[in-house]
Amino acid sequence: MKIIAALFLIFSAPLYAGTAVIVNASNNSGIDLDTVKKIYLGKVKAFPDGSRAIPLTFEQGNAARDAFNNSVLGKSESQYSAFWSKLVFTGRGTPPEMIETEDEMLKLVATNPNTIGFIDESKVDSQVKVVGTF
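Quick note, the sequence shown lines up with residues -17 to -1, 1 to 117 if you use mature numbering (1 follows the signal peptide of the UniProt record, and there is no 0).
Among these hints, one or two may not hold up.
30 Å max Cα-Cα, derived DSS-like pairs, lysine-lysine [stated by the list, open to error]:
1) 21 - 90
2) 90 - 20
3) 28 - 112
Honestly, the hints are just simulated from the structure, not real lab data. Since the model is a prediction, treat every value here as computed from it, not as a measurement.
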């Protein structure tokens, strides 16, 4: 019985893909998840190679956005929104651009080397590079 359960887990694993943080395939800046966090919190405005970083996120209420905020940024949706409201109000930052769909996210990152985003791992293709997963 344990063998059947183990086989089930092995063969069903691809059905439960994680989320990938992606950059354009030509981006060779050597970014890591710590830098991703700094970019999304407005603490860093460029990739490690000095090129401008344009973070993209999803609309509020999106499950991938909630998972990203919690797992990568360490913030709930309300904490994330309050954080950006304060920065915008004080003129110290501009929040990530909001995108509606994963297909739109993939297209924008694939066509603009300055963008960074996140999508379901199953949607990753050769136009983008994965810099981390969660």
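Residue 28 and residue 112: Cα distance at most 30 Å?
Measuring from Cα to Cα gives roughly 19 Å; hence the hint holds.
Is residue 90 within 30 Å of residue 20, Cα to Cα?
22 Å, holds
Residue 21 paired with residue 90 [C-alpha distance capped at 30 Å]:
The hint holds at about 23 Å.
The earlier numbered hints are all upheld by this structure, with none contradicted.
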